[in-house]
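Quick mapping for you: the protein sequence lines, in order, are chains A and B.
Using the working numbering, you'd call the opening residue of the first sequence number 1 and step up by one each time.
Using the working numbering, you'd call the opening residue of the second sequence number 1 and step up by one each time.
Since the hints were made in silico from the structure, they are not lab data.
Note that the structure is a prediction, hence the values are computed from the model and not measured.
One should not assume that every hint holds.
To be verified - Computed spacing ranges between beta-carbons, pair by pair: (1) B:Ala230 <-> A:Ala23: 34 to 44 Å; (2) B:Thr307 <-> A:Ile45: 40 to 50 Å; (3) A:Arg16 <-> B:Met141: 41 to 51 Å; (4) B:Trp15 <-> A:Ala7: 28 to 38 Å; (5) B:Gln218 <-> A:Ala7: 50 to 60 Å; (6) B:Ala238 <-> A:Ile45: 47 to 57 Å; (7) B:Leu104 <-> A:Thr11: 49 to 59 Å; (8) A:Arg16 <-> B:Pro259: 40 to 50 Å; (9) A:Gln13 <-> B:Gln217: 45 to 55 Å.
Stated by the list, open to error - Reference listing, derived: stretches of chain B covered by chain A, where coverage requires no fewer than 3 residues with Cβ under 8 Å from a Cβ of chain A: (10) 167 to 176; (11) 334 to 344.
Glycine included, every Cβ here is placed at the ideal spot set by N, Cα and C.
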Amino acid sequence: MRLERQALLTTLQIFRAPLAVAAITAFGLLSALLGDGVWDALSWIALAVPVVVTAHYLCRSIARGKV
Amino acid sequence: MTSRRLRIWAGLHTWTSLICTLFLLVLCLTGLPLIFHEDIDRAFGQRATADLAAAAAMPLLPLDRLLEIARQARPGEAVRFATAVPGEPLWNMEMGASAESRSLTAIVTIDARTGRIMRTGDRIRSPAMQFLKDLHTELLMEQPGMLFLGLVGLCFVAAIVSGVVLYRPFMRKLPYGTLRVEKRRRYWLDVHNLAGITLTAWMLVVGVTGVINTLSQQIADHWMRTELAAMIAPWRNAPVPAQVTPLQDAVETALAAFPGMAVATVAMPGSMFAGGHHYDVFLSGAEPLTSKLIKPVMVDAQTGKITEARDLPWYAQALFISKPLHFGDYGGWPLKVLWAVLDLMTIGVLLSGLYLWISRLAGWRSFREGATDEA
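For reference, chain A alone in the conformation it holds in the complex (with noise of 0.2 Å):
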């Protein structure tokens, strides 16, 4: 692998959002399973991360505009 100038980053920085992301999935996923009422509110809220995230970066790219 060719060395950049370029700081690269290191491999906790590339994962720590990813990881959060997938923490508060696992914990949608599991909430509805395991309770209700509440539970099941905190589901929708935690399982919209993934949603709301993507959707976010999208839409910044597509406001930059050309694509």
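Model the placement of chain B on the given structure of chain A, informed by the hints.
Below, chain B alone, put in the same frame as chain A:
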């Protein structure tokens, strides 16, 4: 990651994805309406509903009366399973040529308050939903199709894992969420990486639980050969009782022994899940999690006494927990909507991956560029 290892992981990701992409597209597209199958069938009047002529507080008829009604409606046939519809005063009587028969002839849905037959069909679902379900679960090819889709699911899991491994070399210089808009191919690579890594947990759970669901026949067979065979072993050669205990009494005995549980379904004496000498009363719990599980209670059809009750073994529990986690039907309609959105986004991951492969057919070089040179 060395160039050689990168190439191996990239090859693994490309080929496992290519093998399963077409089938996954079919699964995502058929799965989308199946998330809402009950709601769709209800909207088109294809689902049995409670009898409107009945008052909500009317007492329930004894289950034996419901058996009689079903038998009268289907002369010459026998009830194999009696299944309570959750949350409604309805029972599905699953009929067969005999109780022993392994094939379903009809499902008679009866309101337990009035005894009125609310629907008779060869399946619970409408023909359209049943077609989508058969396509989704077995590619219309029964057991071989279902097991094949299990292999497709394993390919999907391998594609997700290799995708996560590849995410690191591709993102050495790009913070999470970067979408470079200058070049079309690079933009779609970034979109594929972002959506893929963000949906990883959900796709893995739906993929793995889907694979477990493809083994439902094998799991049921193994349970019958081992657990059920052990529970009814002392009665293996006993004659079928001439006079059987009423079903209502058998169910009440089971419910009394396990307070707080509800009856999910009853396998009638002679049917494949009960053996010749018992009712197998399957109870489910009242908690959100235990309501997804069933507990078989063997009630002697002659004496009306419980001979044994044991929890399902781990592999059968895994199957019953896998169902809601695959269908997304365990947290109200907002969860179903989220399931549908995540399903559509998965289609986006599949299509962007397909686009990247097609646009790179010239050679593998640009893959390496994506990992090392582009910044």
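The hints, checked one at a time:
no.	hint	verdict
1	B:Ala230 <-> A:Ala23: 34 to 44 Å	41 Å, holds
2	B:Thr307 <-> A:Ile45: 40 to 50 Å	47 Å, holds
3	A:Arg16 <-> B:Met141: 41 to 51 Å	44 Å, holds
4	B:Trp15 <-> A:Ala7: 28 to 38 Å	33 Å, holds
5	B:Gln218 <-> A:Ala7: 50 to 60 Å	52 Å, holds
6	B:Ala238 <-> A:Ile45: 47 to 57 Å	56 Å, holds
7	B:Leu104 <-> A:Thr11: 49 to 59 Å	53 Å, holds
8	A:Arg16 <-> B:Pro259: 40 to 50 Å	48 Å, holds
9	A:Gln13 <-> B:Gln217: 45 to 55 Å	46 Å, holds
10	167 to 176	holds (count 9)
11	334 to 344	holds (count 5)
Comparing the model with each numbered hint stated earlier shows that all of them hold.
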